[in-house]
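Q: Letter by letter, the chains look like this.
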Amino acid sequence: MRTLFVLYDANCAFCRHCRIWLAQQAAFVPLSFIPFQSPEIACRFPGIEEFHPEERLVVVSDEGELWRGEEAWIMCLWALRDYREWSLRLAMPPLRSLARRVCELVSDHRHLLSRWFAKDPPEVLRRKLAELPLTVPTDTGTCNSR
Amino acid sequence: MNAAVWTYLAYLAISVALTVWVAQTLHKNGRVFLVDSFHGNEALADSINHLLLVGFYLINIGYVALAMKYGDKPTDLQGVLEALSTKVGAVLLILGAMHFFNLYVFSKMRRRALLNGAPPPIPPHAHVPVAGR
Chain A
1 MRTLFVLYDA NCAFCRHCRI WLAQQAAFVP LSFIPFQSPE IACRFPGIEE FHPEERLVVV
61 SDEGELWRGE EAWIMCLWAL RDYREWSLRL AMPPLRSLAR RVCELVSDHR HLLSRWFAKD
121 PPEVLRRKLA ELPLTVPTDT GTCNSR
Chain B
1 MNAAVWTYLA YLAISVALTV WVAQTLHKNG RVFLVDSFHG NEALADSINH LLLVGFYLIN
61 IGYVALAMKY GDKPTDLQGV LEALSTKVGA VLLILGAMHF FNLYVFSKMR RRALLNGAPP
121 PIPPHAHVPV AGR
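Protein sequences appear in the order of chains A and B. Take 1 as the starting number for the first sequence in this note's numbering and just add one per residue. Take 1 as the starting number for the second sequence in this note's numbering and just add one per residue.
The set of hints was computed from the structure by calculation and includes no laboratory data. Do not take every clue at face value.
What the hints assert, rightly or not - Taking CB as the label site, the calculated pair distances span:
#1 A:Lys128 with B:Asp46: 42 to 48 Å
#2 A:Gly47 with B:Gly117: 27 to 33 Å
#3 A:Glu131 with B:Leu93: 33 to 39 Å
#4 B:Thr25 with A:Ser97: 32 to 38 Å
#5 A:Gln25 with B:Pro129: 48 to 54 Å
#6 A:Pro93 with B:Val54: 44 to 50 Å
#7 B:Leu81 with A:Arg81: 51 to 57 Å
Quantities reported herein were computed from a predicted structural model and do not represent experimental measurements. Even for Gly, the Cβ is constructed at its ideal location relative to N, Cα and C.
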C-alpha cells in the first residue's frame with residue numbers, strides 16, 4: 001500500500017480538525033485527504049457512492065481496498081507511525097466493539113461536535129490548511145483535469 | 001600498602017571484570033535480536049550493538065571510578081570484606097539496572113521494526129475500482 005485516501009466531510013469543522021491532526025502526524029503510509037463532496041471522488045473511485053461516505057468515514061487504498069466506519073478510523077491510525085500499536089489493539093475484539101460504538105456516536109453527531117471546533121475564523125483555518133504539505137498526489141491520472 | 005588500598009584494588013578488579021562480563025554477554029546475545037530488528041541488516045545491527053557497548057562501558061566504569069572513594073576506610077580484614085561487599089553489591093545493582101535498560105532498548109527497537117512491516121489489522125470491507133491504475 002502506497003497511499004491511503006481519506007474521504008472526509010469538508011462541511012464538518014470537527015472532520016476538518018481531524019484532517020489537520022492526521023496530516024501533522026508522522027506516517028508509515030502517506031494519507032491523502034479528499035472531501036467526499038468533491039467530484040474527484042466519483043471519478044477516481046467509480047461506484048464509491050454505494051458505501052455512503054456521507055454517513056461514515058471511508059478510506060480507500062491506492063489498490064482499491066476500502067474500509068468504512070470504525071475500520072476506517074483504525075486504518076487511519078494504522079497508517080501513522082506513533083499510533084500503529086494502538087490500531088492493532090483497537091482492531092482486537094474487546095476494543096473493536098467499543099471503537100465501533102464511539103465512531104458511530106461521533107459520526108452521527110459530528111455536526112453537533114463541530115460547534116466546539118467552529119470557533120476558528122475561516123482565515124485561521126485557511127492558514128492551518130495552507131501550512132500542511134500537499135498530500136493529494138498530482139500524478140495519478142485523469143481526475144485532476146475535471 | 002594499607003587495607004584501604006587493597007580494598008580499592010580488589011574493588012576495581014572485581015567491578016571491571018564484572019562490567020566486561022555483562023557487556024560481552026549483552027554484546028554477544030543482543031546481536032541476534034538487533035539483526036532481526038533491522039530486517040537482517042547486519043552492518044547496521046553491528047554498528048548499533050557496538051555503540052550500545054561503548055555507552056554501557058562508559059556509564060559503568062564511570063560509576064565504578066566515582067564510587068571508589070566513598071564508604072568507610074577499612075583497617076582490618078573484616079572491614080576490607082565488608083567494604084568490598086558493599087561496593088561490589090552497588091556495582092552489581094547498577095549493572096543489573098543497566099542490563100534491563102539495554103534489554104528494554106532492544107525490545108523497543110524490535111517492536112518498532114515489527115510495527116513498520118505490520119499488515120493492516122482489518123481485512124478490507126470491499127474492493128472498489130481505482131481510476132488510472
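Q: Does each hint fit the structure? Answer for all of them.
A: Do the hints match the structure? See the list:
With their beta carbons about 44 Å apart, A:Lys128 and B:Asp46 fall inside the hinted range of 42 to 48 Å. For the hinted restraint 27 to 33 Å between A:Gly47 and B:Gly117, the CB-CB distance of approximately 31 Å keeps it satisfied. Between A:Glu131 and B:Leu93 the CB atoms are about 50 Å apart, so this pair departs from the stated range of 33 to 39 Å. Between B:Thr25 and A:Ser97 the beta carbons are some 46 Å apart, a value that contradicts the proposed interval 32 to 38 Å.
For A:Gln25 and B:Pro129, the hinted distance range of 48 to 54 Å is not satisfied, since their beta carbons lie about 29 Å from each other. Taken as a hint, the range 44 to 50 Å holds for the pair A:Pro93 and B:Val54, whose Cβ atoms sit roughly 46 Å apart. Between B:Leu81 and A:Arg81 the beta carbons are some 54 Å apart, a value that agrees with the proposed interval 51 to 57 Å.
Against the hints set out earlier in the document, violations occur for numbers 3, 4, 5.
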